[in-house]
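**Q** Protein sequence lines correspond, in order, to chains P and W. All letters in the first sequence, in the order written, are residues 1 to 160 by my numbering. All letters in the second sequence, in the order written, are residues 1 to 92 by my numbering.
Just so you know, not all the hints are guaranteed correct.
[As the list claims (entries may be wrong)] With a Cα cut of at most 27 Å, we get these calculated DSSO-like pairs of lysine-lysine:
| id | chain 1 | residue 1 | chain 2 | residue 2 |
| --- | --- | --- | --- | --- |
| 1 | W | LYS4 | P | LYS9 |
| 2 | W | LYS13 | P | LYS24 |
| 3 | W | LYS38 | P | LYS59 |
| 4 | P | LYS135 | P | LYS24 |
| 5 | W | LYS13 | P | LYS80 |
| 6 | W | LYS29 | W | LYS50 |
| 7 | W | LYS4 | P | LYS84 |
| 8 | P | LYS84 | P | LYS38 |
| 9 | P | LYS59 | P | LYS9 |
[Said to hold, decoys possible] Just a sample of chain P residues kept apart from chain W, beta carbon distances all over 10 Å, derived:
| id | residue |
| --- | --- |
| 10 | ALA58 |
| 11 | LYS137 |
| 12 | PRO148 |
[Claimed, not checked] If you want the footprint, here are the derived chain P segments under chain W, 3+ residues with CB under 8 Å:
| id | region |
| --- | --- |
| 13 | 66 to 78 |
| 14 | 91 to 102 |
No lab work stands behind these hints, which were simulated from the structure alone. Think of the CB as a built atom: it goes at the ideal place given N, C-alpha and C, for glycine as much as any other residue.
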Amino acid sequence: MSYMYRDLKINDYVLQQIFLQGEKAYPNEACGIIIGPKGYNAAVGVFPIKNIQDELHAKDPQKYTRTATTAYYMDPREFKIVEKECEDKEFEFKIFYHSHPDHGVYFSEEDRLMAAPWGEPAYPQVGHIVISVTKGKAIAASEFFWDPEAGDFIERKLLT
Amino acid sequence: MSVKVRIPTPLQKITQNLAVVEGQGATIKAVLASLETKYPGLHDRLYDDKGALRRFINFYVNDEDIRFLKGEDTPVKAGDEISIVPAIAGGC
Numbered sequence: 001m002s003y004m005y006r007d008l009k010i011n012d013y014v015l016q017q018i019f020l021q022g023e024k025a026y027p028n029e030a031c032g033i034i035i036g037p038k039g040y041n042a043a044v045g046v047f048p049i050k051n052i053q054d055e056l057h058a059k060d061p062q063k064y065t066r067t068a069t070t071a072y073y074m075d076p077r078e079f080k081i082v083e084k085e086c087e088d089k090e091f092e093f094k095i096f097y098h099s100h101p102d103h104g105v106y107f108s109e110e111d112r113l114m115a116a117p118w119g120e121p122a123y124p125q126v127g128h129i130v131i132s133v134t135k136g137k138a139i140a141a142s143e144f145f146w147d148p149e150a151g152d153f154i155e156r157k158l159l160t
Numbered sequence: 001m002s003v004k005v006r007i008p009t010p011l012q013k014i015t016q017n018l019a020v021v022e023g024q025g026a027t028i029k030a031v032l033a034s035l036e037t038k039y040p041g042l043h044d045r046l047y048d049d050k051g052a053l054r055r056f057i058n059f060y061v062n063d064e065d066i067r068f069l070k071g072e073d074t075p076v077k078a079g080d081e082i083s084i085v086p087a088i089a090g091g092c
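Using the sequences provided together with the hints, build the complete structure.
**A** What follows is the structure, given as structure tokens:
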């Protein structure tokens, strides 16, 4: 596996916000976007996004087999709003995050499939933070970012 | 009727590196079908083996997600813009 230096700074306040959101959403998965100023290696703002997995599952259980306890799907309408906000204010996406209720920190097969649906990521510069929320308490987090040389997502531990 | 379609970066190798292409048709389904003749291979990236739009892609007409409109049968008119945007989703 090749090594790639990742120097995106994620401050404690940002991590605390997503931990609180993960705990509040438990036993469902929480998700959202962390943004930062364009061209700077800093992730400074948190936008929680509604997880519509249950809505999709209710509408089409054959296609969306999972519920929000084991899956997340960011609300496309809220996603668009944050995207527009970013463009208007010279910010950009730095991180997509989600929680794993009662599961550990790892980038699952489902996470990989969704992040790189055609074999390569749709947002190669954007990392993915996964937090573990066990028995309602956020206990661990890692970032998974795309390494083009390895052709895979590499883990950077944030809290263990 | 001509409609603009925004193509996500990973699929631009199929559309000759174009981020925006022109499709023809009065519904999403028709527009996507018209693109397949110009850009073979696009259809398989957008549809699953059961012939349904893949679950990890969001399709918008202007800023509206077609999942909350009429899906593939959502009507489009000249000047509309369709966006194909990979969903941000996953699971443990």
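**Q** Each hint: holds or not?
**A** To see whether the hints hold, each was checked on the structure:
no.: 1; hint: LYS4/W x LYS9/P; in the structure: 38 Å, violated
no.: 2; hint: LYS13/W x LYS24/P; in the structure: 42 Å, violated
no.: 3; hint: LYS38/W x LYS59/P; in the structure: 33 Å, violated
no.: 4; hint: LYS135/P x LYS24/P; in the structure: 12 Å, holds
no.: 5; hint: LYS13/W x LYS80/P; in the structure: 24 Å, holds
no.: 6; hint: LYS29/W x LYS50/W; in the structure: 15 Å, holds
no.: 7; hint: LYS4/W x LYS84/P; in the structure: 19 Å, holds
no.: 8; hint: LYS84/P x LYS38/P; in the structure: 14 Å, holds
no.: 9; hint: LYS59/P x LYS9/P; in the structure: 39 Å, violated
no.: 10; hint: ALA58; in the structure: 13 Å, holds
no.: 11; hint: LYS137; in the structure: 16 Å, holds
no.: 12; hint: PRO148; in the structure: 13 Å, holds
no.: 13; hint: 66 to 78; in the structure: holds (count 8)
no.: 14; hint: 91 to 102; in the structure: holds (count 4)
Going down the numbered hints, you'll see the structure goes against 1, 2, 3, 9, while the others check out.
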